[in-house]
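The listed protein sequences derive, respectively, from chains D and U. Going left to right, the first sequence walks through residues 1 to 219 as the working numbering numbers them. Going left to right, the second sequence walks through residues 1001 to 1080 as the working numbering numbers them.
I should point out that these hints are in silico values taken from the structure, not numbers from a laboratory. All residues carry an ideal CB built from backbone N, CA and C; glycine is no exception. Any given hint could turn out to be false.
[Stated by the list, open to error] Interface residues of chain U toward chain D, partial, derived using beta-carbon atoms under 10 Å:
| hint | residue |
| --- | --- |
| 1 | E1027 |
| 2 | R1029 |
| 3 | A1030 |
| 4 | L1036 |
| 5 | S1037 |
| 6 | Y1041 |
| 7 | Y1046 |
| 8 | F1055 |
| 9 | R1057 |
| 10 | A1060 |
| 11 | E1067 |
| 12 | K1071 |
| 13 | R1076 |
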Amino acid sequence: MRGSPAPLELEKNVARVAAVGETAPETEARRLAEDARDRVRFEEEALELADQVYRVARRMVSSREEAEDLMQETYARAFRSWKSFQPGTNLRAWLLRILTNLNIDRGRRVQRAPDMQPLEEGDYFLYNKLEESTQAPNPDEEQVIERLSQDDAVLALSAVPHDFRDVIVLVDLGDFSYNDAAQILDIPVGTVMSRLHRGRRILKRELAERALVNGGDSE
Amino acid sequence: MSGFAVDPCDKCEEVLQPFLDRDLNEEERALAEEHLSLCEYCRKRYRFEEDLRRFVRQAATEEMPPELKTKLAELRTPLV
């Protein structure tokens, strides 16, 4: 009996060997398998959102090439840091947060102070200008909007300063809430609202200028 | 008549954006709706604004090139 462990001690040793020598690799293997499964699921979900992310990205930068580069950088970073995404939160907003940060970090846009010059035009400005330029005596809103061309809309949007355009693109094109837009851009919700309001007015001013020039040419 | 204290069309223009963004309180919304039901001038401009948002959204939407989707898929971590 000398040197033999007591029965209770033996039981403890067996349990320790089982835990360390047998179940630990299994636990590690299970953990790795779960990690791989979660990563694959994350990557699939992120790729399913790529069309929607691209539509926003495309209007945050000036060319298709820039948008494509930015998308690739965004997805490369997202796939690398997938563990920092909290499941159950808004993945599309998370991807756009990465994209927006990359866009700023890489100096693809010149940071500038928001244009806070007062805008004299109100929210009816565009309608009134377009209505004046139609031939019909009492046009309805469909006749008025026909004064605009799709190319004008794209050019007018690109002429809106970045700080305002980003908010318009996220809320009006990307269907993000004010809160999501605030988180993506890392600005207060109140700033999102004021930039949106002002940005839409700038957009309407740009649209009016283009439509009136084109209208003049065609008449 | 509208319950707006100032010129109802000026006030209606002021609340155009928050109205369409559903960002008015109940009372403000009721006042705007009351005015819109009576005023064709503002009603036309509200409908135009809704159409305009759709128009800009449609015009500015550019679909992702299919080859980009392939490139993004290639960025996935390879399974070992």
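Cross-check of the supplied hints:
{"no.": "1", "hint": "E1027", "in the structure": "19 Å, violated"}
{"no.": "2", "hint": "R1029", "in the structure": "17 Å, violated"}
{"no.": "3", "hint": "A1030", "in the structure": "20 Å, violated"}
{"no.": "4", "hint": "L1036", "in the structure": "13 Å, violated"}
{"no.": "5", "hint": "S1037", "in the structure": "17 Å, violated"}
{"no.": "6", "hint": "Y1041", "in the structure": "9 Å, holds"}
{"no.": "7", "hint": "Y1046", "in the structure": "9 Å, holds"}
{"no.": "8", "hint": "F1055", "in the structure": "6 Å, holds"}
{"no.": "9", "hint": "R1057", "in the structure": "6 Å, holds"}
{"no.": "10", "hint": "A1060", "in the structure": "5 Å, holds"}
{"no.": "11", "hint": "E1067", "in the structure": "9 Å, holds"}
{"no.": "12", "hint": "K1071", "in the structure": "6 Å, holds"}
{"no.": "13", "hint": "R1076", "in the structure": "5 Å, holds"}
When the structure is compared with the earlier hints, violations turn up for hints 1, 2, 3, 4 and 5 and for no others.
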